[in-house]
Amino acid sequence: MAMAALRREGRRLTTVISPQPITALRSSLLYEEQAPLGVRSISTQVVRTRMKSVKNIQKITKAMKMVAASKLRAIQVRAENSRGLWQPFTALLGDNPSVDVKKNVIVTVSSDKGLCGGINSTSVKISRALHKLSSGPEKETKYVVLGEKAKAQLVRDSKKDISIIFTELQKNPLNYTQVSVLADDILKNVEYDALRVVFNKFQSVVSFLPTTSTILSPEVVEREAESGGKLGDLDSYEIEGGETKAEILQNLAEFQFSCVLFNAVLENACSEQGARMSAMDSSSRNAGDMLDRLTLTYNRTRQASITTELIEIISGASALEG
Amino acid sequence: MASNAAVPFWRAAGMTYITYSNICANLVRNCLKEPYKTDVLKREKVHFSVSKWVDGKPQKPTVRSDTPEA
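Listed in order, the protein sequences are those of chains A and B.
Each residue of the first sequence is one higher than the one before, counting from 1 in my numbering.
Each residue of the second sequence is one higher than the one before, counting from 1 in my numbering.
One should not assume that every hint holds.
Going by beta-carbon spacing under 8 angstroms, a handful of chain A positions derived as facing chain B [to be verified]: (1) I126; (2) L130; (3) K159; (4) I162; (5) F166; (6) L169.
No wet-lab data here; the hints were simulated from the structure.
We put the CB at the ideal spot given by N, CA and C, even for glycine.
Starting from the given sequences, assemble the full structure and let the hints guide the process.
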C-alpha cells in the first residue's frame with residue numbers, strides 16, 4: 001500500500017517538475033525574479049506544493065523503513081537458525097561449484113517486491129554468469145526463477161532458457177512445508193545433473209553476499225565418488241537397513257535440495273528486508289536534504305519580495321515628502 | 001522394516017522423498033494436543049503460483065495453495 005502511494009506521489013511530482021528537479025526549479029524562480037517591470041510578487045505556489053509532496057514522500061519512506069526493520073528482526077532469527085539445515089549436507093557431500101556436467105539448472109532466488117536496492121540485480125547477474133560458464137556444446141542450462149523481479153530481468157534476454165517461474169512466495173510467512181512443496185515441484189519438472197541455487201546470503205543489514213550452492217544429482221555424486229576427492233569418503237559410511245546406496249543418495253539429494261532451497265529463500269528474504277531498510281533510510285535522508293534546499297529557496301524568495309515591496313513603499317513616501 | 005523391497009513403497013507410488021517426509025511430518029503434527037496443534041498447523045501454509053515456460057513462452061500460471069481464495 002505504501003509503495004502504491006509512493007508511486008502515485010512520484011508520478012505527480014514528475015508532472016509538476018521537469019527532469020532536473022532542483023536546478024530547473026531554481027532557474028524558473030530566477031527567471032521570475034528578473035521578470036519584466038510591473039510584475040511585483042513572485043508566486044511561491046510551485047515551491048510550496050513541491051515541499052508538501054517531498055514531505056509526504058519522506059513520511060512514506062520512513063514508514064517503509066520501520067516496516068522493513070520489524071520484518072527483518074523476525075526473519076533474521078529464522079534465517080540464521082535455518083543455516084543448521086544445510087551445514088551437515090555440506091559436511092557430508094561437500095559443495096562442488098566447479099563440477100562439470102551436461103544438464104545444469106540454475107535456481108535464481110529473488111523477491112516479488114522492489115524498492116530494495118540491488119539485491120535482485122546481483123542474483124540475476126550471478127545467474128547469467130553461471131549460465132555463460134556452464135553453457136557449451138552438448139550442454140543444456142535452464143533457469144528456474146523464484147520471484148517477480150528476477151523474472152522481469154531474465155525474460156528480457158533469456159526467454160528461451162526459462163523452464164519454470166514461481167511467484168507469490170511470501171504471501172504467508174515462509175515455512176518449510178511451502179518451500180519443500182516448491183522444491184518437489186522443481187524436481188519433478190526439470191531434468192538435472194546439477195542444481196545451482198543463486199541467492200543473497202545475509203551477513204549484516206548492509207552487506208549481502210551473492211552465493212551459489214550446488215546440489216548434484218545422485219548419479220553425478222556416485223560418479224564423483226568413484227573418481228575420488230572429498231566425495232570418495234562416502235564409501236566409508238555404513239548403510240543401515242535394506243536400502244541400497246543409490247536409493248539413499250537419491251533421498252539425500254532430494255532432501256538436500258529442499259533444505260538448501262529453504263535456507264536460500266529465507267536468507268534472500270532477510271537480505272531483501274535489510275536492503276529495503278537501508279534504501280529507505282537513504283531515501284528519507286535525501287528527501288530531508290531536498291526539503292532543506294527547498295525551504296531555503298522558498299524563504300529567500302519570500303524575503304526578496306518583501307524587501308522589494310518595502311523599497312517601493314519607502315521610495316514612494318520619500319518622493320512625496322521631497 | 002517397511003522397505004525391504006527393491007524400491008520403497010512411496011517411491012513406487014511416484015512420490016519423492018520430500019513429499020514422503022512432508023506427509024510424515026504432517027502426521028507428527030497431528031499428534032499434538034489441542035492448543036499447540038492449531039498453532040502448528042496454521043504455521044505451515046502453502047501458497048505460490050507456478051508458470052511453466054515452453055519455448056520461451058509462458059503457459060498459464062497455476063496457483064498452488066491450501067487456503068481458499070479470499
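- Message: Are any of the numbered hints broken by this structure? If so, which, sorted upward?
- Response: The structure conflicts with hints 1 and 2, although it agrees with all the remaining ones.
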